[in-house]
Amino acid sequence: MSDSDNIQSEARDSTRTIIHIAGLHKWFGDFHVLKDINLDVARGERIVICGPSGSGKSTLIRCINRLEEHQRGKIVVDNIELTNDIKHIEKIRAEVGMVFQHFNLFPHLSILENLTLGPIWVRKVPRAEAEQTAMYFLEKVHIADQARKYPGQLSGGQQQRVAIARSLCMKPKVMLFDEPTSALDPEMVKEVLDVMIELAEEGMTMLVVSHEMGFARSVAHRVLFMDFGQIVEENTPEEFFSQPRHERTKLFLSQILH
Amino acid sequence: MDTPVHQPAQIEVKPPVTSVGVLGWVRQNLFNGPLNTVLTILVLFALVKIIPPLVGWALVHSVWTGTGDDCRAADGACWAVVTSNVRFILFGFYPYDQQWRPLSCAVLIVVLFLYSSKPSRWGRGLAVAWGVGLVTMGVLMPGGVLGLEPVDPGLWSGISLTLLLSLFGLTAAYPLGVLLALGRQSKLPAIKVISVLYIELIRGVPLISMLFMASVMFPLFLPEGITVNKILRAQAAIILFTAAYIAEVVRGGLQAIPRGQFEAAESLGLDYYQKMRLIVLPQALKIVIPPTVSILISAFKDTSLVVIIGLFDLLKTTQVTLSNPEWMGFSPEAFLFIAVLYFLGCFSMSNFSRRIEKALAR
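Chains as they are written, first to last, in our numbering: chain A, 1 to 258; chain B, 1 to 362.
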């Protein structure tokens, strides 16, 4: 507990803070999706965000790399503020890795080409070096033997691990996971979670939208519970699961923890 | 005591003779029911009536060389109208002793086309080959350099004009169409409005009227003393016209690409041009290969419409040949000849597209 308190107090220190979100509001048309979100993420911190569908949790992390535009409030990532300036946006996107629910690998490129594309075109890394890095990360997600195949030839779990490796090749400072296991067949969830746990053990800063409570319990520093566009509860995993403070959280936990 | 083991008897019965082999096929496909039997008999009757006279006309009684009078004396096809006039039909008014130049250009195009038909050969080498080829054609046709006698573009005619209008028309219209499709999807209002207006205006006008505008109206807007070559104007009209159609087809392909592909490209930090060039267009253009090739094929055939503004393409040189009193009345033979040429062009294009599709399929 004291450990996570440390991290929270350190989070306020700007050199330790990698993501700073203050007074964030977002509307889809008339629908108010995000209401006054305030969140600071420290370097090396791992946060799991959960909540019922439609609560705005995916929208929140999609705002961090500007896949969604926010209308009010401030988002600062790695000391760069997100504005309409496309150069800022592209810089932040290069530093922030994103893993999607539906993998979104590029079907016309081989696995290796999927991994080297970003480094070669955005980071301007020479091809040979990019391929070396790619093979290193494919090794890490235990899938190096599939490098010459195409995404369509891989299973869902394998595709998601490739997607994680694709983000890692950019050497990101933060990784965002948008429900990474919810489109997978049950027997493939574990192989993806194992990769994410290994990543966590290496100290990667991670924001994970997920309902994998076991993962949250073992890996997260903090768990956020969102409902109706607000962060309802913010707690350490131990307390979040044993003594949730809010009624909404209790109800939600009772529904997903059967 | 050994009890006899009962084994199922190995019965081998051959299928009835009427269900296999030629007889079986005929029975199953041509005579399976009263309607099909009647249709088969009718078709057989029609073939018997048509084929022998056709062969007689085209091959047995035909005249392959000679004059118009030789043809009139015979009662078969007059292929002489083609063989005696082939150089005019193909090269028109291009100076007679210089016709090796358009001929080598046409051969060059065919060779480059055939060479490109194998996807494994695509690469830098092929691009260089096409570049060199185009420059060679650009030197050979007008001449005036390297000791080549200059030839006025007004004399370019026949198949060289058809190939020129098609080759440059299609290769320029395709990228322009892709740009227009991207423009129509653009978030910038000005670019979007211009693209939509362009596409809708051009698609709302027949190609013939565009050609008339290019040949009659356009010069009125030019300051006195300045003229733009008539071929160039027709070429521009064909490019602008075809591009509008390609744009709409490509837009369909762009819409078929899932949003996740755009988001994944963006989340890697790719900028707009990288995202489109590396991720979106390769997938979108592949999807729309079949309709794109349809448009290119019809554009190739539509180049024959330039006859109405007085350009001498393949169709016009054929008509001129037929208006010569000596060859009057032999139009079926001459038109069959150019139909075969057009068919070869179109068929190889569709063949080419099928190869590309196959090579890109996974």
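Rather than coming from a laboratory, the hints here were simulated on the basis of the structure.
One or more of the hints may lead you astray.
Unchecked claim - Only pairs whose alpha carbons sit at most 25 Å apart, straight line, appear in this in silico DSS-like list of lysine-lysine:
hint : chain 1 : residue 1 : chain 2 : residue 2
1    : B       : K275      : B       : K286
2    : B       : K275      : A       : K124
3    : A       : K74       : A       : K140
4    : A       : K140      : A       : K87
5    : A       : K171      : A       : K35
6    : B       : K301      : B       : K230
7    : A       : K173      : A       : K91
8    : B       : K187      : A       : K91
9    : A       : K190      : A       : K149
10   : B       : K187      : B       : K301
11   : A       : K87       : B       : K230
12   : A       : K149      : B       : K286
13   : B       : K358      : A       : K87
14   : B       : K275      : A       : K91
15   : A       : K124      : A       : K74
16   : B       : K187      : A       : K87
17   : A       : K74       : B       : K192
18   : A       : K91       : A       : K171
19   : A       : K173      : A       : K87
20   : A       : K173      : A       : K74
21   : B       : K230      : A       : K171
22   : B       : K286      : A       : K173
23   : B       : K358      : A       : K149
24   : B       : K118      : A       : K149
25   : A       : K74       : A       : K35
26   : B       : K192      : A       : K149
27   : B       : K286      : B       : K358
28   : B       : K301      : B       : K192
What the hints assert, rightly or not - Not the full set, but computed from the structure, chain B residues with beta-carbon under 8 Å of chain A:
hint : residue
29   : G24
30   : Q28
31   : I41
32   : E200
33   : G260
34   : E263
35   : A264
36   : S267
37   : L268
38   : L278
39   : P282
40   : Q283
The C-beta atom is built at its ideal place from N, Cα and C for all residues, glycine as well.
Here is how each hint holds up against the structure:
For the suggested pair B/K275 and B/K286, the alpha carbons sit about 16 Å apart, so the restraint of at most 25 Å is met. Distance check on the hinted pair: B/K275 and A/K124 sit about 15 Å apart at the alpha-carbon level, within 25 Å; holds. The suggested pairing of A/K74 with A/K140 is violated, with an alpha-carbon distance near 36 Å, which exceeds 25 Å. In summary, the hint linking A/K140 to A/K87 is not supported, as the alpha carbons are separated by about 31 Å, beyond the 25 Å threshold.
Distance hint between A/K171 and A/K35 is unfulfilled; the C-alpha atoms sit about 32 Å from each other, more than 25 Å. Restraint check for B/K301 and B/K230: satisfied, since their Cα atoms lie roughly 19 Å apart, inside the 25 Å limit. For the hint linking A/K173 to A/K91, the alpha-carbon distance of about 12 Å falls within 25 Å, and the restraint holds. As the CA atoms of B/K187 and A/K91 are separated by approximately 21 Å, the hinted pair is consistent with the 25 Å bound.
Between A/K190 and A/K149 the CA atoms are separated by roughly 23 Å; this keeps the pair inside 25 Å, and the hint holds. Among the hinted pairs, B/K187 with B/K301 is inconsistent with the structure: their alpha-carbon atoms are about 36 Å apart, more than 25 Å. Restraint check for A/K87 and B/K230: the C-alpha separation of about 47 Å exceeds 25 Å, so the hint is violated. A hinted pair counts as satisfied when its Cα atoms are at most 25 Å apart, and A/K149 with B/K286 qualifies at roughly 19 Å.
Distance hint between B/K358 and A/K87 is unfulfilled; the C-alpha atoms sit about 39 Å from each other, more than 25 Å. Between B/K275 and A/K91 the alpha-carbon distance is near 15 Å, which keeps this suggested pair within the 25 Å criterion. Straight-line distance between C-alpha atoms of A/K124 and A/K74 comes to about 30 Å, which puts the hinted pair past the 25 Å bound. For the given pair, B/K187 sits about 17 Å from A/K87 by alpha-carbon distance, which is consistent with the 25 Å threshold.
Between the alpha carbons of A/K74 and B/K192 the distance comes to roughly 31 Å, so the proposed pair goes past 25 Å and is violated. Between A/K91 and A/K171 the alpha-carbon distance is near 13 Å, which keeps this suggested pair within the 25 Å criterion. For the hint linking A/K173 to A/K87, the alpha-carbon distance of about 18 Å falls within 25 Å, and the restraint holds. A threshold of 25 Å between alpha carbons decides the hint, and for A/K173 with A/K74 the separation of about 19 Å falls inside it, so the pair holds.
Between B/K230 and A/K171 the CA atoms are separated by roughly 58 Å; this puts the pair beyond 25 Å, and the hint is violated. With a C-alpha separation of about 35 Å, the suggested pairing of B/K286 with A/K173 is violated against the 25 Å cut-off. Proposed proximity of B/K358 and A/K149 is supported: the alpha carbons are some 18 Å apart, at most 25 Å. Taken as a hint, the B/K118 and A/K149 pair is honoured in the structure, with Cα atoms around 23 Å apart against an allowance of 25 Å.
Of the supplied pair hints, the one linking A/K74 and A/K35 holds, its CA atoms being roughly 13 Å apart against a limit of 25 Å. For the hint pairing B/K192 with A/K149, the CA-to-CA distance comes to about 38 Å; that exceeds 25 Å, so the pair is violated. For the given pair, B/K286 sits about 11 Å from B/K358 by alpha-carbon distance, which is consistent with the 25 Å threshold. For the suggested pair B/K301 and B/K192, the alpha carbons sit about 31 Å apart, so the restraint of at most 25 Å is broken.
With a least beta-carbon distance of about 41 Å to chain A, the hint placing B/G24 at the interface is violated under the 8 Å criterion. This hint is violated: B/Q28 has a C-beta 38 Å from the nearest C-beta of chain A, more than the 8 Å allowed. The criterion of a C-beta within 8 Å of any C-beta in chain A is not met by B/I41, whose closest approach is roughly 50 Å, and the hint is violated. Checking B/E200 against chain A: minimum C-beta separation of about 29 Å lies over 8 Å; hint violated.
A distance limit of 8 Å between C-beta atoms decides the matter here; for B/G260 the minimum to chain A is near 4 Å, and the interface restraint holds. The criterion of a C-beta within 8 Å of any C-beta in chain A is met by B/E263, whose closest approach is roughly 5 Å, and the hint holds. Because the closest C-beta pair between B/A264 and chain A is about 4 Å apart, less than 8 Å, the hint holds. A hinted interface residue such as B/S267 counts as satisfied when its beta carbon comes closer than 8 Å to some beta carbon of chain A; here the least separation is about 4 Å, so the hint holds.
For B/L268, the shortest C-beta to C-beta distance to chain A is roughly 4 Å, which falls under 8 Å, so the interface hint holds. Contact between B/L278 and chain A, as hinted, is supported at the beta carbon level, the nearest pair being about 6 Å apart and thus within 8 Å. For B/P282, the interface hint holds, the least distance from its beta-carbon to any beta-carbon of chain A being 5 Å, beneath 8 Å. Hint on B/Q283 holds. Least Cβ distance to chain A is approximately 5 Å, under the 8 Å limit.
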